[in-house]
Amino acid sequence: MSDEPIVQMTGITKDFTGVRALDGVDFTLRPGEIHAVMGENGAGKSTLIKVLTGVHSPDAGQIHLDGEPVRFASPGHAQAGGISTVYQEVNLTDNLSVAENLFAGREPRFGPFINFRAMRRRAKELLDGIGVDLNVAAPLSSYSIAMQQLVAIARAVDIEAKVLILDEPTSSLDRDEVEVLLRVMRKLADQGTAMVFISHFLDQVYEICDRMTVLRNGKLVGEWSTAELPESELIGHMLGREVEALDAIERESSRRRPGDGVEPLVAATGLGRKGSIAPFDLDIREGEVVGLAGLLGSGRTETARLIAGADRSDSGALAFGGVEVKGHNPRTAAARGIGFCPENRKTEGLVGDLTIAENMILAMQASRGWARAIPPVRRAELVADFIDKLDIRPANPDLPVKNLSGGNQQKVLLARWMLIQPRLLILDEPTRGIDIGAKADIQRLVAELSGEGMAVLFISAELDEVTRLSDRIGVLRDRELIDILHEESDMTTERIVDTIVTKGGEQ
Amino acid sequence: MNPYFKRLMWPLAVLVALIVVNIAVTGFDFIIPSVHDGRLGGAFVNILRRSAPLLLIALGMTLVIATKGIDLSVGAVYAIGAAIGAQYILDRDQSSLVVVFTAIGLALLVAAVIGAWNGTMVAYFGVQPIVATLILMIAGRGIAQLITGGQIPSVSDTTPFVELGRGAVATVPVPIIIGIAVFAALVLLTRTTALGMLLESVGGNPEASRLAGIRSKGITVLVYLVCGFCAGLAGLMGAANLGSADANNGGLWIELDAILAVVIGGTALIGGRFFLLGTTIGVAIIGTLEVTIINVGLSSQWQFTAKAIVVFVVAMLQSPEFRAWILKPFRPRRAPDAPAEPATEKALAK
Chain R
1 MSDEPIVQMT
11 GITKDFTGVR
21 ALDGVDFTLR
31 PGEIHAVMGE
41 NGAGKSTLIK
51 VLTGVHSPDA
61 GQIHLDGEPV
71 RFASPGHAQA
81 GGISTVYQEV
91 NLTDNLSVAE
101 NLFAGREPRF
111 GPFINFRAMR
121 RRAKELLDGI
131 GVDLNVAAPL
141 SSYSIAMQQL
151 VAIARAVDIE
161 AKVLILDEPT
171 SSLDRDEVEV
181 LLRVMRKLAD
191 QGTAMVFISH
201 FLDQVYEICD
211 RMTVLRNGKL
221 VGEWSTAELP
231 ESELIGHMLG
241 REVEALDAIE
251 RESSRRRPGD
261 GVEPLVAATG
271 LGRKGSIAPF
281 DLDIREGEVV
291 GLAGLLGSGR
301 TETARLIAGA
311 DRSDSGALAF
321 GGVEVKGHNP
331 RTAAARGIGF
341 CPENRKTEGL
351 VGDLTIAENM
361 ILAMQASRGW
371 ARAIPPVRRA
381 ELVADFIDKL
391 DIRPANPDLP
401 VKNLSGGNQQ
411 KVLLARWMLI
421 QPRLLILDEP
431 TRGIDIGAKA
441 DIQRLVAELS
451 GEGMAVLFIS
461 AELDEVTRLS
471 DRIGVLRDRE
481 LIDILHEESD
491 MTTERIVDTI
501 VTKGGEQ
Chain P
1 MNPYFKRLMW
11 PLAVLVALIV
21 VNIAVTGFDF
31 IIPSVHDGRL
41 GGAFVNILRR
51 SAPLLLIALG
61 MTLVIATKGI
71 DLSVGAVYAI
81 GAAIGAQYIL
91 DRDQSSLVVV
101 FTAIGLALLV
111 AAVIGAWNGT
121 MVAYFGVQPI
131 VATLILMIAG
141 RGIAQLITGG
151 QIPSVSDTTP
161 FVELGRGAVA
171 TVPVPIIIGI
181 AVFAALVLLT
191 RTTALGMLLE
201 SVGGNPEASR
211 LAGIRSKGIT
221 VLVYLVCGFC
231 AGLAGLMGAA
241 NLGSADANNG
251 GLWIELDAIL
261 AVVIGGTALI
271 GGRFFLLGTT
281 IGVAIIGTLE
291 VTIINVGLSS
301 QWQFTAKAIV
311 VFVVAMLQSP
321 EFRAWILKPF
331 RPRRAPDAPA
341 EPATEKALAK
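Residue numbers (our numbering), protein chains in the order written: chain R, 1 to 507; chain P, 1 to 350.
For the record, the hints were derived by calculation from the structure and aren't laboratory data.
Ideal Cβ positions, reconstructed from N, Cα and C, are used throughout, including at glycine.
A hint or two may mislead.
[Said to hold, decoys possible] One side only, chain P facing chain R, incomplete, derived with CB under 7 Å: (1) I135; (2) A139; (3) T193; (4) A194; (5) G204; (6) A212; (7) G213; (8) I214.
Start from the sequences and build out the full structure, keeping to the hints where you can.
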């Protein structure tokens, strides 16, 4: 590892119509190092990356690449300079083969024709080089997102990327897939590629990164080598206060054991849907948080969607408040008092062009029908109330919701359902991809709502979050609900993992 | 600046520019209304009067486009509305008000039913809007021909029906009154109720809207119904103005002008946010443009080319990328400590 930096950014400042997104930030990247850029949403991470990749041009400051001053006018320009980016969403073409994706735009030619044989051979070599084994002739869509991401990385590396930026690459991957990705990253680092890694998963950052740069409110907090900065200090730097925020959200009232005589609010018996989730039995009582845990693709989301009425079941029955539910769909579900925050808030939750206020009142308005608009004064009160209560920023109800950070978007979605005062709230990955502050807010809210008597079905990929919040935990594996943990002593990550492994093995 | 106004600013600028060109060529008579025979006249008033059918159709189209849809059948529905109105009167006592109102009512009812049919195919049977409405775009003129028996029914110049296109109330031409009334009615319908917001939600993100519990199917049918109704009313106004209903050529290609007006007005074809006032400005631009071509002395062959050029200009002005590019030389340089030129070739070559 040479000490001569490959990228040196000094005094980078960037303003967006009155808001200073970056304020004199320095950033140094050395060859062969994996460097994390850490900070809450809104800290300026993505602006810094966008300046580096030519999406934004800085208002002040200098960028040196290999010691030469550069100024990128466009992402293409930056790429030509050797800076490539791999995003969370894969920017490749699904229906082309792996090999075609790797060489799109620079195919090996035989006269005017594409030399497919050479292309496949070189694709194979390229993937072997980073230790990934794929059928290069198969369409990209036949592989998981994780594999597609590796293809994107391989492509970037082959276009002689000196600097590789990985923006939340792991957020939709399961544990094994993350392992593969990290292994490839290590291999690339050994070969001398410098990488910028952005992730909300602290354990991954600690596992793979050599150094980290921490930003807060557009300012540089500092740069540390990973070994010198314990996790608690890192979080302190990111939040700017000594936080025990996450630890503090132990349930105020200790966990309630479901009373035996209490009628469940929701009772699913043999509820299922072919190809998505095997028939399952699940009860949820008022004031209870039921967590769903399992690996990605284990059927967590599918379970939630059946109870929410987002998907139609093809077997079993669902009772709500002791009455059997017929013709379950999102509209009748909302009318019964079931709120559902889906997994993907951008594509299934929010309407990006509509304002914060409009997105908030959508479910309430839908239940009233189009002819009975919520009176403007009442609407303004409700919206202001929830913006305040959930601490949504910026607190401007007329801002398009697409301009908000992930955490604030999630809060808008929560507010939408809280407005109709649901009896059951279903939250599918409400804390995914959002910063620690917002995460703590949302966890606190879940605890609070259930304390007020609301039933909550809570899904998260982060097991400690599930164990912290849940009264009972449904464990899923391979699209089947394999167990429901309910003993106080069972509410541990180890117990869940153990259940997945042992119970799954029996089948 | 208010984002709503921002959307309207560029179409408005183009409209003003067109009006200024006309005033420069023909004097202020172009814009100042005159009174002839107890009704308002003058070049600009006539443009508005003649544009009224297009306005109705474009307003209906705006709502359809807001839902991510499109209605290609409006020209054919225009022809059907005109045919029903003219044929019904022709077969009966032309001077009777009862007959005239029955004809209008019947035509509007049929147009609304056709619209609802389009909407049903789109919402309940999942047919793509362009395909669903293409069916009636083709079949509609055939239906109109069947109604008129292949003839062009001409009504008497004395029937009250023609007032719909030629008449005036308190000197204001009836088509302009109808245009304003429909505009006001649609603004009230969409903006004082929650219909507008729910439309924008359904058009902006159908799946999120479904999960929020919005009855998007009913709303979609309603919007196509309104669009059909507007097209039928436009056809009646057209037939009343001409005193006849031409099943083949009445409202020919008006769907394209309507889509154009919607787009000029700032409503995106991908659905979501819609701007009824913007559409109205778009219609005025299209109407003024046709007169401008003649006023500046271009032959009428220029009409399509000139229209294309104006559409191009509006589309470019609405593109933030284009505006940034064209305004670049005029922008003061900031950040004195940053090197102004892009990355040096030397650095990139490395």
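We went through each hint and held it up to the structure:
1. I135: violated, 28 Å
2. A139: Check failed: Cβ of A139 of chain P comes no nearer than 31 Å to chain R, outside 7 Å.
3. T193: Hint holds; T193 of chain P Cβ to chain R Cβ min 5 Å, cut 7 Å.
4. A194: Hint holds; A194 of chain P Cβ to chain R Cβ min 4 Å, cut 7 Å.
5. G204: Since the shortest Cβ distance to chain R is 4 Å, the answer is holds.
6. A212: holds, 5 Å
7. G213: holds, 4 Å
8. I214: With Cβ-Cβ at 4 Å, under 7 Å, it holds.
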